[in-house]
Amino acid sequence: MVKRKKISSMNYEEAFQEMEEIVGQLEDGELPLNESLDLYERGQELGMHCTSLLEKAELKLRQLVPDADGSLVDVEFQPEEE
Amino acid sequence: MRDWLTRFAQLSMLRDVNSFMQMIPPAPIWTVSKITRYIRQSLEMDHRLQDIWVEGEVSNLGQPASGHLYFTLKDVDAALRCVMWRSQVSRVEVLPRDGDRIEVHGHISVYDAGGAYQFYADQLRPAGEGEALKEFLRVKTLLEAEGLFDPARKRDLPDFPLRIGVVASLTSAGLRDVLHVLERRFPLATVVVAGTAVQGERAPDQIVTAIESICAAGDVDVLLIVRGGGSAEDLRAFSMEAVVRAVAEAAVPTVTGIGHETDIILADYAADVRAPTPSAAAEVAAPDQRELHQRIIENRLMIQAWFENLLRTRRYLLDRCQARLLAASPAARIANARQGVDARMRQMSMAMTHRVTIRRGESATLLRTLEAIGPNAVLSRGYAIVQDRIEGTLVHSIRDVQPGSRLHIRVSDGVFQADVVETREGSSEEG
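Quick note, the sequences are listed as chains A and B, same order. For the first sequence, this note's numbering begins at 399 and goes up steadily by one. For the second sequence, this note's numbering begins at -1 and goes up steadily by one.
Since the hints were derived computationally from the structure, they do not count as laboratory data. It is possible that part of the hints are untrue.
Simulated restraints on C-beta separations [claimed, not checked]:
1) B/S361 x A/G422: 57 to 65 Å
2) B/P185 x A/K458: 44 to 52 Å
3) A/S406 x B/E289: 44 to 52 Å
4) A/S406 x B/R310: 20 to 28 Å
5) A/G422 x B/R310: 21 to 29 Å
Not close to chain A: a few residues of chain B, all C-beta gaps over 10 Å, as computed [unchecked claim]:
6) R35
7) R38
8) H66
9) R79
10) Y115
11) Q121
12) E239
13) R243
14) V282
15) A335
Glycine is no exception: its CB is placed at the ideal position from the N, C-alpha and C atoms.
Could you put the whole structure together from the sequences, leaning on the hints where they help?
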């Protein structure tokens, strides 16, 4: 039911998607107590991982902005496309 | 004979044959007017002298105040006086000069008062143009039918041509203009030039060779074929069949910039893009580096804005998800459960207490009952509990004792020691 992949190796999409799934399961409220505790803990960890990835991305963006002198600079994309 | 009559009828100068016949005097003595008139009519009736083109060299050209044009056309053996009325002259773009070879269209007639026959011109053009025009139309029709001018054939020009080929005269202003424009707009590009004559007899062959060799060995991304302005004659080479075919079949996209805006040149039809002048051709072919810089800056801003937006969206969704997670946490469940457990435990202890209370009540009752029938009650009525002092056993029979047995006696308010004196059988007091 729950994919137990190592959280630190997940990319943003994976982590966020699993987090949403966990929230859905907890909201349904059908689980035994110990499982819901496990899930809750994992959900929080996933949330922290997502936050950390977002912060890294924002930092990278700030680093690239000062290069506005017209010269060609590669913009590194995170591997996330919508 | 019939022709003559038809023409005569068409001219409607005379009403009937009779009148005409009357003009011929019986005696062979003419008046000047009559003979002149006769000559004029004869000439005007000859359809081979009407609606014709004549070619010759111009001389004695004059245009008096009247605006009419007078000149003589001559060749080696003869001369022909010509006149073109002002209304026709106004339609001529470039007036010829003495010495020019031209072709005139019109008809022959006679200037009575001057006693001369003249050519009355209504059109005029440079010599050879008739032939040239025919050839032009022939080539145009032929190549159009082959589909060489088809818009569907036109190729797109490359966005960033790093190698640009140019076919032009090496000494021309056209080439100079092209190079200036390219330098200004796209200095990144390498320009490969194939020099060629651009007018005259040798031009067509040289142009074809230039185009073919640049395409074969120049490794260019786009080819400009340019030539500055000139007369129709000067530009003729670029409408020759061989040249037009070479442009149409060029291996790379072509841009022509030949002559002026209004010139009609077949090579333009065959090219992928037609520009009005050499400079315009260069502008079409090469991007402007200032625009490119601008686009780069804009693109980077767009990328940045897009990325910021992406992060904002993610943040928002993440916050919402975390809020939901918190709301769905087991804490609530645990609190609820704990409340339930507490409630149950309270219930249980209440139940227990209740039962204990009942039991206590019951045992109190029992105790009272017990007390009523217990030994204390009996003792208070005067009975005693007799025990052997040593053994501690109860004495309820005379056989349990003998004279001298030591006894422990309990009465209602205490105990004392006694010794047996004697024993006697019998349950009730006798005597």
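With 10 Å as the threshold, tell me whether B/H66 passes as away from chain A on beta-carbon distances. 68 Å, holds
Okay, B/S361 versus A/G422 on CB: inside 57 to 65 Å? 59 Å, holds
Would the least Cβ to Cβ distance between B/V282 and chain A come out above 10 Å? Its Cβ never comes within 10 Å of chain A, the nearest being 25 Å, so this holds.
Please settle this one: B/Y115 was flagged as non-interface, so is its CB more than 10 Å from every CB on chain A? 79 Å, holds
For B/E239, which was marked as not at the interface, is the minimum beta-carbon distance to chain A over 10 Å? B/E239 clear of chain A: closest Cβ-Cβ about 47 Å, beyond 10 Å.
If we take the beta carbon of B/R243, is the closest beta carbon in chain A still more than 10 Å away? 42 Å, holds
Measuring from beta carbon to beta carbon, are A/S406 and B/E289 in 44 to 52 Å? Holds: the Cβ-Cβ distance is about 46 Å, inside 44 to 52 Å.
Consistency of beta-carbon spacing, B/R310 to A/S406, with hint 20 to 28 Å: Holds: the Cβ-Cβ distance is about 25 Å, inside 20 to 28 Å.
Should the label of B/R35 as a non-interface residue stand, given a Cβ cut-off of 10 Å to chain A? 88 Å, holds
The output says B/R79 does not contact chain A. Does that hold with a beta carbon cutoff of 10 Å? 74 Å, holds
C-beta pair B/P185, A/K458: status relative to the range 44 to 52 Å that was hinted: 34 Å, violated
Starting from the range 21 to 29 Å, see whether the pair A/G422 and B/R310 falls in it by beta-carbon distance. Given a distance of about 24 Å, which is inside 21 to 29 Å, the answer is holds.
The structure fails hints 2, 15 (numbered hints given earlier, in ascending order).
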